[in-house]
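K.L.:
Those protein sequence lines, which keep their order, are chains A and B.
Under this note's numbering, the residue at position 83 of the first sequence is numbered 74, and the numbers go up by one with no gaps.
Add 768 to the 1-based position in the second sequence for this note's numbering, that's all there is to it.
Some clues are possibly wrong.
Once the Cα atoms are required to be at most 27 Å apart in a straight line, the calculated BS3-like pairs of lysine-lysine come out as [as the list claims (entries may be wrong)]: (1) K1015(B) <-> K364(A); (2) K136(A) <-> K53(A); (3) K992(B) <-> K17(A); (4) K334(A) <-> K1269(B); (5) K328(A) <-> K1015(B).
These are computed hints drawn from the structure, not numbers from a lab.
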Amino acid sequence: MYDVTVIGSGPGGYVAAIRCAQLGMKTALVEKYNTLGGTCLNVGCIPSKALLDSSEHFHQAKHQFAEHGIEIGEPKINLEQMMSRKDGVVGQTTDGINFLMKKNKVDVFHGFGSFVDKNTIKVTKEGGETEEFKTEKTIIATGSKPIMLPFIEFDKKRVITSTEALQLKEVPKHLVIIGGGVIGLELGSVYARLGAEVTVVEFLDGLIPMMDVTMGKELQRVLKKEGFKFHFKTKVTSVKVEGEEVMIKAEDKKGKELEIKADYCLVAVGRRPYTDKLGLENAGVKVDDRGRVDVNDHLQTSVEGIYAIGDVIKGAMLAHKAEEEGVFVAETIAGQKPHINYKLIPGVVYTWPEVASVGYTEQELKEEGRAFKTGSFPFRASGRARASMDIDGVAKVLADAETDEILGMHIIGPRAADMIAEGVVAMEYRASAEDISRMSHAHPTYTEAIKEACLAATDDRALHI
Amino acid sequence: MALEMKVPAVGESITEVTIAQWLKQDGDHVEMDEIICELESDKATFELTAEASGTLKIAAVDGETLEIGALICTIEEGDGAAETTSEAKTTGGTAQVAEAPKATGEVLEMKVPAVGESISEVTIASWVKQDGDFVELDEIICEIESDKATFELTAEASGTLEIVAGEGDTLEIGALICKIAVSEGAPVAVKETAAAAQAESTPSATAAGSQTYATGHASPAASKILSEKGIDPNSINGTGKDGRVTKEDALRAEKAAPKAAAAAPKAPVAAKETAPAAPAGDREQRHQKMTPLRKTIAKRLVSVKNQTAMLTTFNEVDMKPVMDVRKQYKDMFKEKHDIGLGFMSFFTKAVTVALKEWPAVNAMIDGDEIVYNDYCDVSIAVSAPKGLVVPVIRNAEKLSLAGIEQEVKRLALRARDNKLTIPEMEGGTFTITNGGVFGSMLSTPIINAPQSAILGMHNIVERPVAVNGQVEIRPVMYIALSYDHRIIDGRESVSFLKRVKELLEDPIRLLLDV
Chain A
-8 MYDVTVIGSG PGGYVAAIRC AQLGMKTALV EKYNTLGGTC LNVGCIPSKA
42 LLDSSEHFHQ AKHQFAEHGI EIGEPKINLE QMMSRKDGVV GQTTDGINFL
92 MKKNKVDVFH GFGSFVDKNT IKVTKEGGET EEFKTEKTII ATGSKPIMLP
142 FIEFDKKRVI TSTEALQLKE VPKHLVIIGG GVIGLELGSV YARLGAEVTV
192 VEFLDGLIPM MDVTMGKELQ RVLKKEGFKF HFKTKVTSVK VEGEEVMIKA
242 EDKKGKELEI KADYCLVAVG RRPYTDKLGL ENAGVKVDDR GRVDVNDHLQ
292 TSVEGIYAIG DVIKGAMLAH KAEEEGVFVA ETIAGQKPHI NYKLIPGVVY
342 TWPEVASVGY TEQELKEEGR AFKTGSFPFR ASGRARASMD IDGVAKVLAD
392 AETDEILGMH IIGPRAADMI AEGVVAMEYR ASAEDISRMS HAHPTYTEAI
442 KEACLAATDD RALHI
Chain B
769 MALEMKVPAV GESITEVTIA QWLKQDGDHV EMDEIICELE SDKATFELTA
819 EASGTLKIAA VDGETLEIGA LICTIEEGDG AAETTSEAKT TGGTAQVAEA
869 PKATGEVLEM KVPAVGESIS EVTIASWVKQ DGDFVELDEI ICEIESDKAT
919 FELTAEASGT LEIVAGEGDT LEIGALICKI AVSEGAPVAV KETAAAAQAE
969 STPSATAAGS QTYATGHASP AASKILSEKG IDPNSINGTG KDGRVTKEDA
1019 LRAEKAAPKA AAAAPKAPVA AKETAPAAPA GDREQRHQKM TPLRKTIAKR
1069 LVSVKNQTAM LTTFNEVDMK PVMDVRKQYK DMFKEKHDIG LGFMSFFTKA
1119 VTVALKEWPA VNAMIDGDEI VYNDYCDVSI AVSAPKGLVV PVIRNAEKLS
1169 LAGIEQEVKR LALRARDNKL TIPEMEGGTF TITNGGVFGS MLSTPIINAP
1219 QSAILGMHNI VERPVAVNGQ VEIRPVMYIA LSYDHRIIDG RESVSFLKRV
1269 KELLEDPIRL LLDV
């Protein structure tokens, strides 16, 4: 009998298991794949970041080294090596999780986990043999899968999802990406840098629509420079594989038909909660109209003692959101009263420049009718950015018009993903824009752009522009 | 025009006071001489009255400890008719922005004044102002101690203070204490002025210590702790910037909240087998700051025990005669003197008679000398709301029983209302304490220094006693005399107590003086 069983070993699941173990609970972790870590570690954040970094290095070698005064001749791509380095990074990271499970005495079951009833978990191993055990409480952390559109022929060779895109054997000549969200743009960046022609077909009228409008616009400008082509307000009607080619048909907002030929088509239109064959019905766990596991404020499902976290429930599909929720549930089970401030979970896009944001967007504040002021500072004006030739992007701060409280921070620029932490800390403490602008920021650093944006928001007092 | 009210000097030895309670709210209109706030010192509690009529702006909140001369509040004269602009300036601390001080270039040297013929040197007790502060003419800037007395040094000019002698330094008369760079006009916090001017649009920027949008906002860790203890973050005085609630605040709050029904984290399952069974029932602890008064009492009680050779002797008193007298004359007494006839008057009277006979009991040690008092100032220990106080009945030996009763009543009422002043509590020569009112049967009271003896009264209970060879049931009280054996010998202490007993057991003797 386990105190807690976690189904799914992604960043939400394994973190929940560690925290449960730390709190003295006897914990089991069930994972269908051979390696732990879930989508994020195996076919998500980590491998894509590995390829993003590799391709960025290539891009720099090709376009910037000469300007730095480094002459290396024409750099060449060894895609096999690039992929194997990526696999090495993934391998090391998943091994790290194995170690953490051992260290925290979490029992790991490899096999497909499902509910027999509320307190019984069945693990079906690869060979088909099954094992059952009892558990008092369960945390569902089974994550999500890429959405497959019904009118698209998926062959996973030419028409692919993000999973396959991380394992291509060649650099596409022309990669068409359906969807202008985070995953499409990150993988698109990888192959664009490696030399592919990249075309993005997006149904809405801008990139990364969940983020602040300035971010989408700026990112679009930068990617265009890198050779991206965009079709907005365009609806894909069919995707057909024709030998080594893919034919994508689409319709723009005026109803005009569009035909695009490519050698690869990446479908990145979002992800859906993954609860297939989990046996939710055996335990009595309900899902909502969009297939997400229904949870209350304590992340408990409709069944007492069964919780759900991460991509499988509502909210942003982000590894760090799942992680926070894993800790939240573990502590809740232990009788503590933890908090998550969903408004302050940062969102990140690992293109280059990176995009990161936290808090309210300008659109949201306008919708709420809240009086706000904004301050922004372009990286072009930052000494550090000029030194590293990373002059694209802008830091933008939104603050309450009356109190000066920071309501949102949005950065597109070098290392934005790391810098956004300053915004999170500030907002968790409800700092004002002037608070940040009065704190010393090391010079020269990228974070000076945040300080300058805050100065601009305070009273249009930016110093370096 | 805003009047600044500062902590008044309340006694030579008092250096700081605590705000016990504001009776008026920030922004209230107050009338001149109206009581606006209660202050506590380690000696007494007193009330602060408004020095002018107008709108009150509180500068120091409840529980805050302030030094003498520190700002308590300002009163905006003219009853809030003041324009908002001038108000804003006041809160920004830059009241006269327009009249920036002009340094005159003159530097005034302040020296230790001659404070008395026999005093040749003084010690700096504490600086009320900091180095670099702007000081106003006649403002108290420093406290000086000599071996005789403590006095305050006031600024001889307005300007910027430069401290020369540090706290604890001993200086001769005429030595340099500090310099004042004399200037005309009021201070302006140079760089903050700009920020203050913008305060209208960005109040959070300068409003340190005042209420802002973030006041009461709990940090993530604090929020979790408070939530687990069931405490509303808004109920806490956050010590973080602009009143934010820090983790430390939350941890403290946990202790202070009496009914914080802690959602006791479920004992980790693995630890269940080994963990000892937790005792049932509420096990909360509460931490509360000691009032200055109680702190001083605590300190004094311990030092008295350490510094005297304290000893206690007992006797018993047959209270029947006194009780009979009371029974018989109670109504007449009340009618004539308009006060009840209690036991205190008999005891006080008996004590004064006995003290005259045994003057050592009424004496005290001063260095190598014994000070004999030819009068009896009898301190009466009273349990007041803020702690034990000992108001004094002056020249009790000259008072009638009615006079004593009236004095006892007057002092007790003042004690109850926290209205006793320090002069009313100073200078007693002997103390009577009545633990009996709470039911005590026997106790060894601690001497009220610098006095040398204290009489303890106790509960009256019926006891079988031998009277003329017969066993009778009598109302009996045990009395105790704790005394400093250094100046009071057994002969004096025991005889004193026996004399008190005799006078009480035969009250006629008080009348006949025998």
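K.L.:
None of the hints should be skipped; say for each whether it holds.
P.N.:
Consistency of the hints with the structure:
Taken as a hint, the K1015(B) and K364(A) pair is broken in the structure, with Cα atoms around 31 Å apart against an allowance of 27 Å. As the CA atoms of K136(A) and K53(A) are separated by approximately 35 Å, the hinted pair breaks the 27 Å bound. Note on K992(B) and K17(A): the hinted pairing holds, with a Cα-Cα distance of about 24 Å set against a maximum of 27 Å. Straight-line distance between C-alpha atoms of K334(A) and K1269(B) comes to about 80 Å, which puts the hinted pair past the 27 Å bound.
For a cut-off of 27 Å, the pair hint linking K328(A) to K1015(B) stands: about 15 Å separates their Cα positions.
The structure fails hints 1, 2, 4 (numbered hints given earlier, in ascending order).
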